[in-house]
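With these hints in hand, go ahead and build the complete structure from the sequences.
Those sequence lines, one after another, are chains E and P. Okay, so the first sequence: first residue is 54 according to this note's numbering, each after it adds one. Okay, so the second sequence: first residue is 54 according to this note's numbering, each after it adds one.
One should not assume that every hint holds.
When chains are identical, the list treats them as one kind, so a pair holds in a single copy or across two.
[Unchecked claim] Calculated pairs, SDA-like style, for lysine to any residue (alpha carbon to alpha carbon, straight line, at most 20 angstroms):
1) 143 - 167
2) 143 - 172
3) 218 - 162
4) 143 - 60
5) 218 - 163
6) 143 - 174
7) 143 - 173
8) 143 - 163
9) 143 - 171
In case anyone wonders, no lab produced these hints; they're calculated from the structure. A quick note: this is a predicted structure, and the numbers were derived from the prediction, not measured.
Number of protein chains: 2
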Amino acid sequence: MASSTVENYLKHILLLSEGTDGLVSMGALASSLAVVPGTVTTMVKALADGGLVAHRPRQGVQLTSEGRHLALTVLRKHRLVETFLVNVLKMDWAAVHDEAEQLEHAISDDVLDRLDALLGHPTADPHGDPIPSRHGKLSSQVYATLATCAAGRPVRIVRVTEQSKEFLQFAEQNGLQPGTSLSVADRNLTAGLVTLRKAAGRTVPLSLAAAGKILVEPEKQSARFRPKPEPCS
Amino acid sequence: MASSTVENYLKHILLLSEGTDGLVSMGALASSLAVVPGTVTTMVKALADGGLVAHRPRQGVQLTSEGRHLALTVLRKHRLVETFLVNVLKMDWAAVHDEAEQLEHAISDDVLDRLDALLGHPTADPHGDPIPSRHGKLSSQVYATLATCAAGRPVRIVRVTEQSKEFLQFAEQNGLQPGTSLSVADRNLTAGLVTLRKAAGRTVPLSLAAAGKILVEPEKQSARFRPKPEPCS
DNA sequence: GTTCATATTTTGATTAGTCAAAATAAATCC
DNA sequence: GGATTTATTTTGACTAATCAAAATATGAAC
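Right, here's the structure in full:
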């Protein structure tokens with residue numbers, strides 16, 4: 054059984070290697086895990102001995118297939134737990150990340166499967182982050198962001214890629230959650246400001262940096278009245 | 054924040070001190086925690102430094118009110134989690150103890166309260182073990198057991214005080230769970246054997262030792278048709 | 001092609017929790 | 001009351017995970 058520490062290292066390597074060639078630098082991993090770089094070097098060598106990662110000295114670290122499988126399981130636990138906390142226990146979506154951070158290391162595969170069934174086999178968590186499938190498939194679909202999509206085009210938010218409480222609370226207060234329909238009214242690159250227009254005509258100003266954290270897809274007519282995800286009964 | 058290890062020490066001290074003067078011997082604690090006695094001595098001294106227990110060298114250890122409060126919170130988490138796993142996730146009651154053993158250290162007080170509400174503020178877990186109240190009250194009602202109650206008297210099972218998988222599976226297969234009505238048909242002390250008669254007239258043989266683990270109360274007429282606890286909706 | 005800045009690795013030390021085995025205190029038994 | 005058994009404590013050592021700070025590569029700049 055992998056320790057919580059090992060599970061965390063693998064999870065962070067997985068997240069940092071998303072959309073790259075797979076090699077993660079020691080420094081990036083260290084700051085992601087909030088430990089000093091020397092600690093990471095030591096730990097990564099131990100993980101390499103255990104066959105969970107491949108370590109290229111002075112270049113970076115990469116998951117082996119075994120390590121990737123374990124990391125995906127941890128990520129699946131994390132995101133299903135978040136979904137449970139929001140949909141069933143009605144917790145604030147800004148609070149659930151920290152909770153899930155603990156619970157992901159404590160729930161068994163059996164409980165995981167039962168939670169999955171209870172929730173109706175969701176494919177994304179409350180932030181829109183994709184939930185790895187039971188057999189280790191992780192959707193890596195590429196979306197536009199509010200910083201890059203065409204102005205005036207009706208879009209729907211599919212994902213908010215930021216876990217900090219502050220950002221999520223702000224997003225919630227301004228109705229910027231997966232499922233929300235809106236369009237970019239204006240984008241001022243020199244001022245770094247994006248103005249959004251929501252359904253009722255209400256406008257919301259947003260920094261370009263924040264807009265880049267919000268992923269969107271083109272609004273589909275057929276899904277115009279799609280309700281927000283319901284908690285399971 | 055107390056570590057899982059500290060929480061476990063406190064929980065075991067609490068359970069071992071139930072119904073005694075409160076002093077728990079080092080040896081009893083060591084075997085309960087499955088560590089060697091020397092480890093317990095070391096750890097108990099650290100807990101005493103932290104104000105969670107009072108250590109009387111060569112005599113035993115006792116919770117302080119702060120330690121007792123923490124232990125009760127852990128026990129409350131354990132038993133509410135067990136209830137959730139059985140009532141909501143429909144897990145086998147023999148499997149939930151080990152799961153809860155992990156989860157009790159990972160769930161926050163906020164999640165605890167929400168689980169409690171979701172489950173309808175239960176007062177006992179699926180084994181009939183009392184759930185400490187939010188403010189630290191733990192029912193210590195004394196019951197008769199199938200080894201001690203009067204033969205022929207109609208009784209109802211209220212609690213099964215044994216967590217081993219094997220025992221719980223046996224009990225389930227023979228319909229010996231909280232809520233079951235039955236009576237002791239015969240008790241043979243020399244053979245160490247108890248024979249139970251269940252509702253449909255079916256009889257079940259049981260060792261005296263096992264019978265002592267099953268707590269009962271006199272059958273109340275008004276509760277004859279009391280249904281088994283329902284999972285929350 | 002040296003020099004410099006930066007990232008990485010190494011080294012030595014620390015903390016929490018544990019075990020094995022020796023030392024000590026307490027209780028019991030003629 | 002001295003000898004023996006039993007529980008407890010002490011001592012020394014170990015593992016996992018970490019940090020601080022020194023040593024070492026690597027790549028960029030001049």
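Do the hints match the structure? See the list:
no.	hint	result
1	143 - 167	both (19 angstroms within a copy, 8 angstroms between copies)
2	143 - 172	both (13 angstroms within a copy, 14 angstroms between copies)
3	218 - 162	between (28 angstroms within a copy, 18 angstroms between copies)
4	143 - 60	neither (27 angstroms within a copy, 27 angstroms between copies)
5	218 - 163	between (30 angstroms within a copy, 16 angstroms between copies)
6	143 - 174	both (18 angstroms within a copy, 17 angstroms between copies)
7	143 - 173	both (16 angstroms within a copy, 15 angstroms between copies)
8	143 - 163	between (23 angstroms within a copy, 11 angstroms between copies)
9	143 - 171	both (15 angstroms within a copy, 10 angstroms between copies)
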